[in-house]
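Protein sequence lines correspond, in order, to chains H and B.
Take the first sequence: its position 73, counting from 1, is numbered 73 in our numbering, and each next residue is one higher.
Take the second sequence: its position 165, counting from 1, is numbered 165 in our numbering, and each next residue is one higher.
By construction, these hints were calculated from the structure, which means they are not laboratory data.
These numbers were taken from a predicted model, which means no experiment stands behind them.
Errors might be hidden in some of the hints.
[Unchecked claim] From the structure, some residues in chain B lie toward chain H, with a derived Cβ separation under 8 Å: (1) V34; (2) M39; (3) H132; (4) Q135; (5) R139.
Note that the Cβ used here is the ideal one computed from N, Cα and C, for glycine as well.
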Amino acid sequence: MSADWPLWEVFVRSRRGLSHTHAGSLHAPDAQLALRNARDLFTRRSEGVSLWVVPSSEITASSPDEKDPFFEPAADKPYRHPTFYEVPEGVRNL
Amino acid sequence: MTATAPQALATLPLADDALILSHRLGEWAGHAPVLEEEMALANIALDLLGQARALYAGLAEVLGGEDEIAFLREERAFRNCQLVEQPNGDFAHTMVRQLFFSAYQQPLYARLSPVLPLAAKAASETAYHRDHAEQWTLRLGDGTEESHARTQRAADALWRYTGELFQPVEGLDVAWQELAEEWHADIRDVFGRAGLTVPEGPSEGAWSAGAGRQGLHTEPFGRLLAEMQHLHRSHPGATW
Numbered sequence: 001m002s003a004d005w006p007l008w009e010v011f012v013r014s015r016r017g018l019s020h021t022h023a024g025s026l027h028a029p030d031a032q033l034a035l036r037n038a039r040d041l042f043t044r045r046s047e048g049v050s051l052w053v054v055p056s057s058e059i060t061a062s063s064p065d066e067k068d069p070f071f072e073p074a075a076d077k078p079y080r081h082p083t084f085y086e087v088p089e090g091v092r093n094l
Numbered sequence: 001m002t003a004t005a006p007q008a009l010a011t012l013p014l015a016d017d018a019l020i021l022s023h024r025l026g027e028w029a030g031h032a033p034v035l036e037e038e039m040a041l042a043n044i045a046l047d048l049l050g051q052a053r054a055l056y057a058g059l060a061e062v063l064g065g066e067d068e069i070a071f072l073r074e075e076r077a078f079r080n081c082q083l084v085e086q087p088n089g090d091f092a093h094t095m096v097r098q099l100f101f102s103a104y105q106q107p108l109y110a111r112l113s114p115v116l117p118l119a120a121k122a123a124s125e126t127a128y129h130r131d132h133a134e135q136w137t138l139r140l141g142d143g144t145e146e147s148h149a150r151t152q153r154a155a156d157a158l159w160r161y162t163g164e165l166f167q168p169v170e171g172l173d174v175a176w177q178e179l180a181e182e183w184h185a186d187i188r189d190v191f192g193r194a195g196l197t198v199p200e201g202p203s204e205g206a207w208s209a210g211a212g213r214q215g216l217h218t219e220p221f222g223r224l225l226a227e228m229q230h231l232h233r234s235h236p237g238a239t240w
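Here chain H stands alone, though its shape is the one from the complex:
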């Protein structure tokens, strides 16, 4: 039966987290039951206070073949990291 059910990706926001984090995937016949299944599978040990479910088919992913053109160019550009200056004294909330 579950073979006919679409796959859903589950995102959980933990009690102290600010953003939803991918937790895993599950099968469900529709969004409402996906949400409930996610509750049972991924928050049964109080892992979260908010859940998103997204049909896996709706996710557009970068392909492993494109890995080099996508990510390689960033590898040798350390100046993009904010490490080349010192934080002046007196700057708060940074």
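Position chain B relative to chain H; hints supplied.
Chain B alone, transformed into the frame defined by chain H:
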């Protein structure tokens, strides 16, 4: 056991309902239609087991330890309603049983929350059980011809066990009639949306079941108890 004031045992029916339905739901382990649903059923079973344990703890002075209460009582000493001891049947049968029971247990706990410490937490657990059963009743009732037929058959078969739910339990100060009306309205609403017919057969009276609260149980209950109790009875005092 000597004669005990009924008030002291007022919560025993609630505890036995929770324990026995928990055991029934546990029987789905390894047999549920899908993995996700297996987890859901196990979660519900564990919620109910937790409720039963908390209630048994409150009865310890009268009845003894929780193992003793669960595993060493004879059939006639159990006060659960007959609805919860009914076999699982197919998945639709299990879901309709859950809907019938949770739609009763949830408002009952809600009413008892001022006097029963466990009830407020249990009411919110039970609200989820009710919702889960409702979601499935809607999908099965309004699903395929086959799922509709199975769900309707389950409702018709279980209906006769529902009248007993509203028999007053001595020692529990609850407006039972009002609870029954609320339950019927709730079931009518869900069934209406699921395209199911609320059964017309009697749910109470001479042609219905319903003496579980007095310790009279249906035939499948003996087999349930045998399975549930045999390990403890074979190895008294065994621990992990």
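Index of numbered hints that the structure contradicts, given in increasing order: Going through the list in order, the structure violates no hint and respects every one.
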